[in-house]
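Trainee: Residues per chain are reported as follows:
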Amino acid sequence: MKNERVYIIGGYQTDFARNWAKERKHIAAMMREAYQGSIEATDIYPGDIKAAFIGNFAGELYCMQGHLGAFFADFDPRFVGLPTMRFEAACAAGAIAALSAMAHIQAGIHDLICVIGVELMKTADSAKGGNYLGTAAWYEKECFGIEYPFPKLFGKLGDEYDKRYGLDNKYLARIAEINYANAKNNPNAQTRDWFMNFEHACVKGKYNSVISGRIKVTDCSQITDGAVCLYLASEDYAAKYAKQMGLPLEKVPRIIGWGHTTAPIEFAKKIADSANCEYVLPMTRKAITDAYSRAGVKDCWDLDVIETHDCFTTSEYMAIDHFGLTKPGESFKAIEQGVIEPRGKLPINPSGGLIGCGHPVGATGVRQLLDAYKQITGTAGDYQVPGAKTVAMLNIGGSATTNVCFIAGIDD
Amino acid sequence: MSNQESYRDNEKIKTVVVLGASGTIGSLSGGLMAQNGLKVYFLSRTQQGSERGLQKAISQARSEMIARNVICGDYEHLLGQAISETDWVVEAIAEDVKIKQQLYERVESYRKPQTIVSSTTSSLPLNELIEGRSEGFKKHFLSTHFFNPPGRMSACEITGTEFTDPNVVDFMRQFLKKRLRRAVISVKNTVAFAGNRIAFVLFSRITTLASEFGVETMDYLIGPYTGRLLPPLATLDLVGLDIHKAIIDSLKTHTKDAMHRWLTTPGYINMMIQKKLLGNKTGCGFYRKLESGKFVFLDPVLCDYVPAIEPHVAFVEKAKHFTHMGMYKEAFETILTAQGKEAEVVKNILCAYIAYSYSLVGEVTDSTTGVEGIDKVMAYGFNWAPPSVIMEALGGSEIVTKLLKERGFAIPQSLQIGLKSCFNITNSGKYFVAK
Numbered sequence: 001m002k003n004e005r006v007y008i009i010g011g012y013q014t015d016f017a018r019n020w021a022k023e024r025k026h027i028a029a030m031m032r033e034a035y036q037g038s039i040e041a042t043d044i045y046p047g048d049i050k051a052a053f054i055g056n057f058a059g060e061l062y063c064m065q066g067h068l069g070a071f072f073a074d075f076d077p078r079f080v081g082l083p084t085m086r087f088e089a090a091c092a093a094g095a096i097a098a099l100s101a102m103a104h105i106q107a108g109i110h111d112l113i114c115v116i117g118v119e120l121m122k123t124a125d126s127a128k129g130g131n132y133l134g135t136a137a138w139y140e141k142e143c144f145g146i147e148y149p150f151p152k153l154f155g156k157l158g159d160e161y162d163k164r165y166g167l168d169n170k171y172l173a174r175i176a177e178i179n180y181a182n183a184k185n186n187p188n189a190q191t192r193d194w195f196m197n198f199e200h201a202c203v204k205g206k207y208n209s210v211i212s213g214r215i216k217v218t219d220c221s222q223i224t225d226g227a228v229c230l231y232l233a234s235e236d237y238a239a240k241y242a243k244q245m246g247l248p249l250e251k252v253p254r255i256i257g258w259g260h261t262t263a264p265i266e267f268a269k270k271i272a273d274s275a276n277c278e279y280v281l282p283m284t285r286k287a288i289t290d291a292y293s294r295a296g297v298k299d300c301w302d303l304d305v306i307e308t309h310d311c312f313t314t315s316e317y318m319a320i321d322h323f324g325l326t327k328p329g330e331s332f333k334a335i336e337q338g339v340i341e342p343r344g345k346l347p348i349n350p351s352g353g354l355i356g357c358g359h360p361v362g363a364t365g366v367r368q369l370l371d372a373y374k375q376i377t378g379t380a381g382d383y384q385v386p387g388a389k390t391v392a393m394l395n396i397g398g399s400a401t402t403n404v405c406f407i408a409g410i411d412d
Numbered sequence: 001m002s003n004q005e006s007y008r009d010n011e012k013i014k015t016v017v018v019l020g021a022s023g024t025i026g027s028l029s030g031g032l033m034a035q036n037g038l039k040v041y042f043l044s045r046t047q048q049g050s051e052r053g054l055q056k057a058i059s060q061a062r063s064e065m066i067a068r069n070v071i072c073g074d075y076e077h078l079l080g081q082a083i084s085e086t087d088w089v090v091e092a093i094a095e096d097v098k099i100k101q102q103l104y105e106r107v108e109s110y111r112k113p114q115t116i117v118s119s120t121t122s123s124l125p126l127n128e129l130i131e132g133r134s135e136g137f138k139k140h141f142l143s144t145h146f147f148n149p150p151g152r153m154s155a156c157e158i159t160g161t162e163f164t165d166p167n168v169v170d171f172m173r174q175f176l177k178k179r180l181r182r183a184v185i186s187v188k189n190t191v192a193f194a195g196n197r198i199a200f201v202l203f204s205r206i207t208t209l210a211s212e213f214g215v216e217t218m219d220y221l222i223g224p225y226t227g228r229l230l231p232p233l234a235t236l237d238l239v240g241l242d243i244h245k246a247i248i249d250s251l252k253t254h255t256k257d258a259m260h261r262w263l264t265t266p267g268y269i270n271m272m273i274q275k276k277l278l279g280n281k282t283g284c285g286f287y288r289k290l291e292s293g294k295f296v297f298l299d300p301v302l303c304d305y306v307p308a309i310e311p312h313v314a315f316v317e318k319a320k321h322f323t324h325m326g327m328y329k330e331a332f333e334t335i336l337t338a339q340g341k342e343a344e345v346v347k348n349i350l351c352a353y354i355a356y357s358y359s360l361v362g363e364v365t366d367s368t369t370g371v372e373g374i375d376k377v378m379a380y381g382f383n384w385a386p387p388s389v390i391m392e393a394l395g396g397s398e399i400v401t402k403l404l405k406e407r408g409f410a411i412p413q414s415l416q417i418g419l420k421s422c423f424n425i426t427n428s429g430k431y432f433v434a435k
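Heads up: the protein sequence lines correspond to chains L and D, in order.
In terms of the working numbering, the first sequence opens at residue 1 and continues consecutively.
In terms of the working numbering, the second sequence opens at residue 1 and continues consecutively.
Isolated chain D (complex conformation) (with noise of 0.2 Å):
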């Protein structure tokens, strides 16, 4: 059978076996599959780590039906089995090259000659991941990008190597969009891909002009109301500090680009990962909630926590207002038209999102596709208004093109060409929320 054939049907997966388990991607990703009525193993370094990880993708499907799809175990009793017996290897591990490379190792040692094995990783090379395995191995190795959490972020990137056959990136491309309900984004085979990529240059920006304005005024100022469900620095606390030092520091490695100058670590972040301050997972990182549930706020020169101002600008007052009514352009011409130093951090980081998620369609995105890809991964992977939306929102390419020259940012061909996208603001309307 050819692999054409043997690729076209999409019940050919019906066994999957989840490594890193215990972890929130591993575990989460792991639980839609159940959901979606395929046989998941759940593997990582212990059995208890593994149950862990099915509680919560019980806790996310809210169902404990899932559970009768799930074989938890560990990599030591249960890895062999599981990887003989699957047609899906899901690796969803630490983010460390050597520790997938042995793993990878194990597995080749069980898998069959068809079965998929892929990493959920985005921030590492693919290739280095895959050295010294068979021909076989990487003819059907490739990587699927979940988004945190998988149950609300139905994002999923894909792409494969050089070495990995055509027919399995098509063949994984129908899979998880037809069976996993996922939103799926065909990425070129390079660092952080699109989403990351593009996120967190304007994660970096903002921890750095955080240093000026205070991580609450950041967060107030490139808030919801601008097109995204929580505030940037928010979102980092969720991420981590740790991965998002870790993330920075693989793009400014691998990435030679107009925004390599945005991609730093300010000496506070690191003071921060020193201290454990690290977000959610620490219990405090730019917000640390109090016992009476009010937050108090990382001040960057300080180091240490400081109560919340309250911030008050009014031309925000007024944006919030106009999204409030679901008068979304009129919010914007608000931004646009307001005067000062707020309101030009705005602009700017407004901005630096449209100018590079257009700069990199063709280099993360294929072109053929214009920046709907993009547009997706920020949408269902970010819950982020997409870069043509916000044109949109400003008033389009035109109106864009003269802000982007007035703030110095090389325009991109794209966004000369106007390239089309199935996001518009009527149906983008989530995206803006009035906070």
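If we strip away everything but chain L, and leave its shape as in the complex, we get (with noise of 0.2 Å):
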């Protein structure tokens, strides 16, 4: 490995309450300005971009448009001739484009990589985009003819634990109530302004429609247009970028852990393989602690902040035993002692997460790794955890297929 060390350089994050659709933009121009923004962020020399990544779930079903990496040449004339590539892994995309980005520095091929995750998604009704995300399960066996599939997926999530171990739902709705707390906090959340509370996140009626068994609208992250670019550097780019801001190179975050797994993608089927496993979905909880092992992280109490996938209420519960915060099937204990609120032991997703920051499928990871920078660098703003130096991100594509944890920090 010729480089070991990553950097994370900063980024931006476009806002995730618009609707791009509605102002008629192409999704390349979502990507543009995520770039732009990002060069006004960080003060990167566009000149010194040595290739850029995309991650994207379905730009052709949403928007009938491929071949995103080619937008990038139309963003600066230096841009032509660099190579671009997009990568593909469902709702973890975004993060898969990052872990390659950091493998090709790591193997010395390039030394500064621009990754864009976007998606588009409002080009679609609810029913017609619920069939496309379905193209993230098994779509012939688990989608066709279903009216919005991954609902029903995770809400059988939620089943098999309380199969398990016994789930009460008011759990699940506090979950939503503290994500939709947290994005109040987040300039860039979908949901900032939306009302929400632990009442509303209980009730069945009109304005909280159930979708599928214990799955209700606010247990639902909420189809979501969105944009984020972030740079990933060797340790030389990093030292040479950190020299012309004035700062040390310890205080450049990087990616110190990553775990990466694909689990069987019928969900059927990861259940009946788990049944004999501690954890319900093993392959999620060895992404976590394959990260935790990379980075020399003992256990989830080494860490100051997660940003996990709560694409459901349901996906962020089975997230807090996977992670370790409690014993499996134990997660309402960390619930209810306050442990994942903003000021409790381990906070969860201060963003707001995937259910109150938004959920633009293919810039999720991204998003997720751009605010474990900013939690590190003490750039959060008003969601920003104090003294946050370890943060731990975990982004899933489909029903926990595709497993991705990126764990972030800074030496000193």
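It is worth saying that the hints were derived from the structure and are not from the lab.
Remember, predicted model here, so these are calculated numbers, not experimental data.
Please note: incorrect hints may appear among the correct ones.
Below 16 Å or equal to it, Euclidean Cα-Cα: the simulated EDC-like pairs (lysine to aspartate or glutamate) are [what the hints assert, rightly or not]:
| no. | chain 1 | residue 1 | chain 2 | residue 2 |
| --- | --- | --- | --- | --- |
| 1 | D | 177 | L | 382 |
| 2 | D | 177 | L | 193 |
| 3 | L | 204 | D | 64 |
Computed from the model, here is a short list of chain L residues facing chain D with C-beta under 10 Å [to be verified]:
| no. | residue |
| --- | --- |
| 4 | 28 |
| 5 | 208 |
| 6 | 235 |
Cβ coordinates follow ideal geometry from the N, Cα and C atoms, glycine included.
Two chains, two separate frames, one set of hints: put the complex together.
Mentor: Listed below in structure tokens is the structure:
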């Protein structure tokens, strides 16, 4: 490995409350703004960028546009000729793009890579968009002819918890309430101005309809348009950049650990396979523990913040015990004790997560990594967790099929 | 306890009374208060009116839960109890000085000494509203001007009179920002404050130009691609033509500046008001939606509706394409280099927007905050690209100065200084819409 250390230089997130389809914008417009904003945020010299990696799930379905890497060459005349590529792993597309960028830097192929996660989703109504999302599962087996397949799959995750350990839906409501409350502190969060309280999250009715089983509207992340641009760099580049910014290199966050696993795509098989396991989703757990191990992190209590993939309240419920905040099946204890709240022992999703901040599918993993950067550099504004130095993020694709966990930290 | 001490705590306000809760601003701003955990009395002339207001607030919040924080009633039965209990009275009744004065007199007889009273008006002289009120009332009186609809427009202009205790204004500024999540803009006590003063001068000019170019073409030329979510005449349909005329009349009476000449109400607007073609509230105004879903447009000469002509102007289409691709500077470069009378109309309106906005820095907002206050109110109150961003899109102050000179606009001093703003093209992309 030529460059073991991979640094995060910062980036930019678009406002996830925006409706780019209503603005009649092309998906490349969103990428362009994220790129432009990232240059303003970081002061990187565009001529230093050696490659662009794009995370996107379903541009072809939502907006009849593939080959997204190619648009990067339009953003600056200096980019004509640069290598670009697009990565897809359902909702984990963003993290996979970052993971590949990391590998390219470690291999010494490039020293500064622009990673963009992007998804334009509001082009489709909820039924059609829900059907598109079904392609992240085994479409023929799990989604064909089924309305809103993913809420159903993640409803089944809650059902499995209920079967194995018992699950009171009030804890799911509390997860929704916390994420919405956190989003109010995030100026780029989709739901920052939406009303929410515990009672609303509990009630079923006109404004909080049941999607499937225990999953109501407030248990779901919403359809979101958004893009995030982030830079990963080698130690040599990071040192040069730190000098330019008047910072010691030790203050620049880097990826200190990662884990990447794939489980069988079919949800029923995942559950059948884990029947005798301690964890409901052992491949998700493995991605986390692999990251712990690579980062030299003993357990979750070495972390200061977690940004997790709460596409549904049940997925955050799962993440709580899979990160090890509680014993398997006891996630409710961390919720009851306030552990995951912004001032708790280990805050989860101070950004609002997918439920509060939004979930533009291909952008989510990059957004989580950017939020890890912001927390570590003390630039998260009103959602800053004081003193955060080590931050983990979990980005999952499909029904926890592709699992990517990054841990970011600084050396001092 | 001194005022300074008593106004330090954001929790000071626990109960609010909204007067005029059947109307849009009253019900929806009251809804925001209920959403944020305050106990809110919704009062209007009738119980049913207040309950209708609550339904609007529920619809805005998309939750019936907020009803738990709301008590509906009418002035006759609940005013005394509600006012005597409340910490803040928000008045959002009809824009009529006499009616407001009469209600304030009743409020005064019940209010606690520290209760704050604010009006949501921006077009009526605040000092007239409080004529005859006590010193204590006047010390606690100010304007909190919400924009419509408050659930989507976060701007709130705030100002007191010369009688208002500055601690009350400071406290409310913080309260509106922190508890009600408003983008608070401190304005001076001048008629129409900042947002309406700027926007309605431009609206007025556009209604005049519509006599020549037609309604559909004017909204096409000054459409969303020029930096606004809604075209201007469609916006006036939302506002209501009667309200539009009242604001123009008020500006004509109370302002004297370089743009005063643009404050006219063309004859066809008066005709529309006579015919009750007031906009969305009467079902038709500049636009009328047919059963087929298609729109017909008012012909200012005939004062009747004519079918759509679907204008197509080459530079507009090219600029819209650049906007579609997120290339806003290129879109404005296209406008700038275009020739012909349509292009001149667009350039003239954009120039007027910048010139007038910058000329009011210091007059309607504090000069120490630069152009940012005006930027904020235009962005968060109207969903328009802020004037400083339009200037950036056109190529910066040097180019804009030249454009203004060519068109006979005075060059505002604040434009030459080069004022900073928190807005730039990158973070204002949402205001450029490709249609």
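Trainee: Please go over all the hints and tell whether each is borne out by the structure.
Mentor: Verification of the hints:
Distance hint between residue 177(D) and residue 382(L) is fulfilled; the C-alpha atoms sit about 14 Å from each other, no more than 16 Å. This hinted pair checks out: residue 177(D) and residue 193(L) have alpha carbons roughly 13 Å apart, not beyond 16 Å. For a cut-off of 16 Å, the pair hint linking residue 204(L) to residue 64(D) stands: about 11 Å separates their Cα positions. A distance limit of 10 Å between C-beta atoms decides the matter here; for residue 28(L) the minimum to chain D is near 6 Å, and the interface restraint holds.
For residue 208(L), the suggested interface contact is upheld, since its CB lies about 7 Å from the closest CB of chain D, less than 10 Å. For residue 235(L), the shortest C-beta to C-beta distance to chain D is roughly 30 Å, which exceeds 10 Å, and the interface hint is violated.
The structure shown violates just one earlier hint, number 6.
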